[in-house]
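Residue numbers (the numbering used here), protein chains in the order written: chain A, 107 to 892; chain B, 253 to 518.
FYI, nobody ran anything at the bench for these hints, they're computed from the structure.
There could be a bad hint or two in this list.
DSSO-like cross-link-like pairs, simulated, lysine-lysine; straight-line CA separation at most 27 Å [stated by the list, open to error]: (1) A:K881 with B:K505; (2) B:K291 with B:K272; (3) A:K735 with A:K680; (4) A:K562 with B:K505; (5) B:K517 with A:K562; (6) B:K517 with B:K505; (7) A:K121 with A:K197; (8) B:K260 with B:K272; (9) B:K291 with B:K260.
Looking from chain B toward chain A, a few residues come up when the C-beta cut is under 8 Å (computed) [unchecked claim]: (10) F428; (11) P431; (12) A432; (13) S433; (14) L493; (15) S496; (16) A497; (17) Y499; (18) H502; (19) L503; (20) V506.
The beta-carbon is built from N, C-alpha and C at its ideal position, and this holds for glycine as well.
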Amino acid sequence: MSEAVVQTGIGASVKRKEDLRFITGTGRYTDDFNVAGQKYAVFLRSPYARARIEDIDVSEAANVRGVCTVLTGQQMAEDGLGDIPCGWLVKQKDGSDMVSAPHPPLAATLVNYVGEPYGLVIADTLAAARQGAEAVLTDFAELDAVVDPAEATGSEQIHEGVSDNLAFDWELGERAATEAALASAAHVTRIDLVNNRLIPNAMEPRAALGSYDPGSGEHTLYTTSQNPHLARLVLSAFVQVAPEHKLRIIAPDVGGGFGSKIFIYAEETAVIWAARRTGMTIKWTADRSEAFLADAHGRDHVTHAELGMNEAGEFVALKVSTTANLGAYLSTFGSSVPTYLYGTLLAGQYRTPNIYVEVQGVYTNTAPVDAYRGAGRPEATYVVERVVEQAARELGRDPAELRRFNMITPDQFPYDTPVALTYDTGDYQVSLDRALAMIDYDGFPARREAAAAAGKRRGLGLSCYIEACGLAPSQLAIQLGAGVGLYESGEIRVNPTGNVTVFTGSHSHGQGHETTFAQIVSDRLGIPFDDVEVVHGDTGRVEFGLGTYGSRSLAVGGSALMGAADKLIAKGTKIAAHMLEADPAAVDFTDGSFVVRDSNQALTFGEVAFAAYVPTNYPTELEPGFSEKAFYDPENFTYPAGTHIAEIEIDEATGVIELVDFVAVDDFGHIINPMIVAGQVHGGLAQGVGQALLEHGIYDEYGQLITGSYMDYCMPRADDLPDFRVDTTVTPCTHNPLGVKGCGEAGAIGSPAAIMNAVADALGEAVAMPATSEKIWRVLQNRRTA
Amino acid sequence: MYQFNYHKPTSVEEAQALFKAVEDGMFLAGGQTLIPTLKQRLAAPTDVIDLSGIAELSGIEVRDDRVSVGAFTRHADVADSAEIRRVLPVLSALAGQIGDGQVRNRGTLGGSVANSDPAADYPAAVVALGATVYTASRSISADDYFKDLFETALEPGEILSRIEFQCPTRAAYRKFPNPASRYATVGVLVADFSGDIRVGVTGAGPCAFRATALEEVLREQLSVEAVETVEVPDAGFNSDLHASAEYRAHLVKVMTKRAVADLLKA
Numbered sequence: 107m108s109e110a111v112v113q114t115g116i117g118a119s120v121k122r123k124e125d126l127r128f129i130t131g132t133g134r135y136t137d138d139f140n141v142a143g144q145k146y147a148v149f150l151r152s153p154y155a156r157a158r159i160e161d162i163d164v165s166e167a168a169n170v171r172g173v174c175t176v177l178t179g180q181q182m183a184e185d186g187l188g189d190i191p192c193g194w195l196v197k198q199k200d201g202s203d204m205v206s207a208p209h210p211p212l213a214a215t216l217v218n219y220v221g222e223p224y225g226l227v228i229a230d231t232l233a234a235a236r237q238g239a240e241a242v243l244t245d246f247a248e249l250d251a252v253v254d255p256a257e258a259t260g261s262e263q264i265h266e267g268v269s270d271n272l273a274f275d276w277e278l279g280e281r282a283a284t285e286a287a288l289a290s291a292a293h294v295t296r297i298d299l300v301n302n303r304l305i306p307n308a309m310e311p312r313a314a315l316g317s318y319d320p321g322s323g324e325h326t327l328y329t330t331s332q333n334p335h336l337a338r339l340v341l342s343a344f345v346q347v348a349p350e351h352k353l354r355i356i357a358p359d360v361g362g363g364f365g366s367k368i369f370i371y372a373e374e375t376a377v378i379w380a381a382r383r384t385g386m387t388i389k390w391t392a393d394r395s396e397a398f399l400a401d402a403h404g405r406d407h408v409t410h411a412e413l414g415m416n417e418a419g420e421f422v423a424l425k426v427s428t429t430a431n432l433g434a435y436l437s438t439f440g441s442s443v444p445t446y447l448y449g450t451l452l453a454g455q456y457r458t459p460n461i462y463v464e465v466q467g468v469y470t471n472t473a474p475v476d477a478y479r480g481a482g483r484p485e486a487t488y489v490v491e492r493v494v495e496q497a498a499r500e501l502g503r504d505p506a507e508l509r510r511f512n513m514i515t516p517d518q519f520p521y522d523t524p525v526a527l528t529y530d531t532g533d534y535q536v537s538l539d540r541a542l543a544m545i546d547y548d549g550f551p552a553r554r555e556a557a558a559a560a561g562k563r564r565g566l567g568l569s570c571y572i573e574a575c576g577l578a579p580s581q582l583a584i585q586l587g588a589g590v591g592l593y594e595s596g597e598i599r600v601n602p603t604g605n606v607t608v609f610t611g612s613h614s615h616g617q618g619h620e621t622t623f624a625q626i627v628s629d630r631l632g633i634p635f636d637d638v639e640v641v642h643g644d645t646g647r648v649e650f651g652l653g654t655y656g657s658r659s660l661a662v663g664g665s666a667l668m669g670a671a672d673k674l675i676a677k678g679t680k681i682a683a684h685m686l687e688a689d690p691a692a693v694d695f696t697d698g699s700f701v702v703r704d705s706n707q708a709l710t711f712g713e714v715a716f717a718a719y720v721p722t723n724y725p726t727e728l729e730p731g732f733s734e735k736a737f738y739d740p741e742n743f744t745y746p747a748g749t750h751i752a753e754i755e756i757d758e759a760t761g762v763i764e765l766v767d768f769v770a771v772d773d774f775g776h777i778i779n780p781m782i783v784a785g786q787v788h789g790g791l792a793q794g795v796g797q798a799l800l801e802h803g804i805y806d807e808y809g810q811l812i813t814g815s816y817m818d819y820c821m822p823r824a825d826d827l828p829d830f831r832v833d834t835t836v837t838p839c840t841h842n843p844l845g846v847k848g849c850g851e852a853g854a855i856g857s858p859a860a861i862m863n864a865v866a867d868a869l870g871e872a873v874a875m876p877a878t879s880e881k882i883w884r885v886l887q888n889r890r891t892a
Numbered sequence: 253m254y255q256f257n258y259h260k261p262t263s264v265e266e267a268q269a270l271f272k273a274v275e276d277g278m279f280l281a282g283g284q285t286l287i288p289t290l291k292q293r294l295a296a297p298t299d300v301i302d303l304s305g306i307a308e309l310s311g312i313e314v315r316d317d318r319v320s321v322g323a324f325t326r327h328a329d330v331a332d333s334a335e336i337r338r339v340l341p342v343l344s345a346l347a348g349q350i351g352d353g354q355v356r357n358r359g360t361l362g363g364s365v366a367n368s369d370p371a372a373d374y375p376a377a378v379v380a381l382g383a384t385v386y387t388a389s390r391s392i393s394a395d396d397y398f399k400d401l402f403e404t405a406l407e408p409g410e411i412l413s414r415i416e417f418q419c420p421t422r423a424a425y426r427k428f429p430n431p432a433s434r435y436a437t438v439g440v441l442v443a444d445f446s447g448d449i450r451v452g453v454t455g456a457g458p459c460a461f462r463a464t465a466l467e468e469v470l471r472e473q474l475s476v477e478a479v480e481t482v483e484v485p486d487a488g489f490n491s492d493l494h495a496s497a498e499y500r501a502h503l504v505k506v507m508t509k510r511a512v513a514d515l516l517k518a
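Input sequences plus hints: build the corresponding full structure.
Set out below in structure tokens:
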């Protein structure tokens, strides 16, 4: 392989191509696109958590200078637009379908959370639109709101037809066997947990620019989406904004998503609908306050778990009961996150033979809750790793050793868990060992003593997590209720001069695909890294795609590109064999050249590409051209796993926690770009630290969001974080061509439990996330005064 | 923001005359509170009177045991002033902890003290350093200046022109930041004026105040242990999702102890 390819191919820490434009301000985000004569939209949003819209008086607003029109949910309903569907149908315990309340993009008669849009004002300027929105007089009849998920089933009914506010009562695993094993267990550890509500806070708020061309009938929507093709499919097939072939969705540079930009939202839908209805090009860009109110939130579980062990300390059964807050409506993946992305992960890294989980998904008058970095898997890890840690303490066992004692061993793969998954490969002990060595586990007692001498309580906590990524085998996903398959497409278009344009259905909104995917293609085709251009995020350019979430891009989207590259090599081999007058079976493709085996006859990839477009000496049975595409549908999920260890210190006087050290050892399978992987881990860890120590989306009893700005919602900052120490171990994924597993979510999945276990270790008892200084101080204070 | 008329006077007299002449005027200093408030459409003045063109409001002057800081002096200039660092280092240290770099480059002493946000840092220095607040027509002693939540002794339209701080023998400021906003959940400035101790507290109550009970015991014995003997009642203290009144009262003691320890080390 040429030296250039070695420096930029698979495994090289290539600097990110896209960063030059991002850090020089030449990236183009949705709000950077402008069309002459465009109008600006401001949404009318409910100030109440639950209310009936009695009357909307727009007469004054219509008179505001610059206001073009005011559109409401009533008009949208009159235009026959469909509801926003939930993309995953979950079956209940009794076999019936979940109960999905209708979710009109714009509320027409009832509003069900603070910030829910029920109309929009369109004006020549943003200022006029705002002015107009304030001039709309809406008469609301306020109704009692349901806010607390733990009390939702006994509260006032929010949606007609949804009794007890219960969207679903779901289960997985064998209940009877699990309960029997618990009943006969030598020891049972019981734990009650709250997984705190988080608000995603991508750096770029959501935005949309919608236009309609009456000449061609084409609708164009620029928007902040993690999966523009899925958005187009849903908006055409379900919401029926426009037929699929007349709707182009472009998700250009997108400034972070963390899941929150997967979903079909009201605002983007309303913008494209309004563009067609009015014939105007309409721009909407959320401000930060709107992002807090109306982006789908994450987590928000209340859980009771019981872990049974035999005399030896082997886990014999785990039973988990969870209430998941779904918010006011079922968002796109709102039903799958607390079920199939959660319950299936409760085996963790352990051989627990009996597992049963039941989840009640409840509606409340809060913003919809959906996938947020990790999506179900952080919640599962938090349950497993908190209860295992608690068990170790109750049994007086070393928490690391109790884990090791119960871990699935390398010889047991493929391993069927009692909760529907088959882990293909892994070596959990090796990452545990590495992490323990890195943190100097044996030296901890001395560090604890030194801290105590300085008035600090030091604690250490582990988390041995597993996640299911690379979503997902289509048939399995559809069987479990998914509305679409979860394969991915990839196309490599070779230009006559030999450089290539790569089209992927994955979407990069921070992940660095333009770099890593170029590394894969350059490595596979033996062409220079700079000769590969990656195109994504445009339904008009990319054939199809299912987008980026669930750490799937590399494992699924990258594998699709491998398929396309293989097809190119196969065709190129035939072309080269013809040109070299050799048997195709005797032609090998190595280091970017087609070589006749045991000869010095060879053609470069570029020469073959040129021949395909200028077919002078060309096989008659082959079509000209050199472009191939492939769809890749994974056989199984991928299973990244690892060990995270946190060390914290508590200031006795104030209760302030300092995260003093953090070690993460992750097995992501093969790694394309170690620098990008380290960056992904750091970012995920920062979000995990945020969840454990700082972040909390809080509604008051009336359903008003009281953490609606950065004054009150505490985002992690650089000075809240230690210098993370990260390392990787490798067991290659057994079922995709790259042997990769995905790394995007691991940091956020593994870390909260490690930190909270460290807090419990330091404090001698657990507290709920986020572990704020006052909570810690109260525990210490109660002890002092007791 | 809503539309307003913008004015940029060059003297205090002109600014005050404008304020009287317009319907609903507001003064703009560094804009670190007013601009976000306007942008969120939470204020709708008819006229905004920008004080940045008034040269007489800026400047730092050291006279004997006093430091006079012009109202329009930015936090960053107080933090970086070699003069202030020499004679009143605690004020520079405090200014260096306000907000972040952007806030310190824009925000002003006068804007902060005139606004009297309960969680602002400067008010602790004003009360603990026995400051005198000057306006065009009068001077107000620190003890009479802060009245209540966002309420001061300033009359409508009265412009704070400068603040004169007394330089203590030694002093220290300790802040417990709100983890989200980084405002002071509690901030305590302890100043020793040759044995006369003043303790200024911000963040805990509706406005900055002197903790007289703490001052009394510290006058008797300036030590960390002495602080321990004092009960800090939480009556009237602020309570929010970040800190209850009870926790704030506790933090007043802890921050006082830490400030005393710093001061004794200095």
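Hint check:
1. Only pairs whose Cα atoms come within 27 Å are accepted, and A:K881 paired with B:K505 is accepted, the gap being roughly 18 Å.
2. Between B:K291 and B:K272 the CA atoms are separated by roughly 25 Å; this keeps the pair inside 27 Å, and the hint holds.
3. A hinted pair counts as satisfied when its Cα atoms are at most 27 Å apart, and A:K735 with A:K680 qualifies at roughly 17 Å.
4. A hinted pair counts as satisfied when its Cα atoms are at most 27 Å apart, and A:K562 with B:K505 qualifies at roughly 18 Å.
5. Restraint check: the Cα-Cα separation between B:K517 and A:K562 comes to about 21 Å, which is no more than 27 Å; the hinted pair holds.
6. Taking the CA atoms of B:K517 and B:K505, the gap is about 18 Å. The hint holds against a cut of 27 Å.
7. Simply put, A:K121 and A:K197 have alpha-carbon atoms about 46 Å apart, too far for the 27 Å limit, and the pair is violated.
8. A C-alpha spacing of about 15 Å is found between B:K260 and B:K272, which places the hinted pair at or below 27 Å, so the restraint holds.
9. Simply put, B:K291 and B:K260 have alpha-carbon atoms about 20 Å apart, close enough for the 27 Å limit, and the pair holds.
10. For B:F428, the interface hint holds, the least distance from its beta-carbon to any beta-carbon of chain A being 7 Å, beneath 8 Å.
11. Interface restraint check for B:P431: the shortest CB-CB distance to chain A comes to about 5 Å, inside 8 Å, so the restraint holds.
12. Satisfaction of the interface hint for B:A432 is found here, the shortest Cβ-Cβ separation to chain A being roughly 4 Å, below the 8 Å cut-off.
13. Proximity of B:S433 to chain A holds as hinted, the smallest CB-CB distance being about 4 Å (cut-off 8 Å).
14. Using the Cβ-Cβ criterion of 8 Å, the hint placing B:L493 at the interface with chain A is satisfied: the shortest such distance is roughly 6 Å.
15. For B:S496, the shortest C-beta to C-beta distance to chain A is roughly 7 Å, which falls under 8 Å, so the interface hint holds.
16. Residue-level restraint check for B:A497 is violated (minimum Cβ-Cβ distance to chain A is 11 Å; threshold 8 Å).
17. For B:Y499, the interface hint holds, since its Cβ comes within 8 Å of a Cβ in chain A; the closest pair sits about 5 Å apart.
18. Given hint, B:H502 at the interface with chain A, holds; its Cβ is 7 Å from that chain's nearest Cβ, closer than 8 Å.
19. The interface hint given for B:L503 is met, as the beta carbon of that residue sits about 7 Å from the closest beta carbon of chain A, less than 8 Å.
20. With a cut of 8 Å, the hint placing B:V506 at the interface with chain A holds, because the nearest CB-to-CB distance is about 5 Å.
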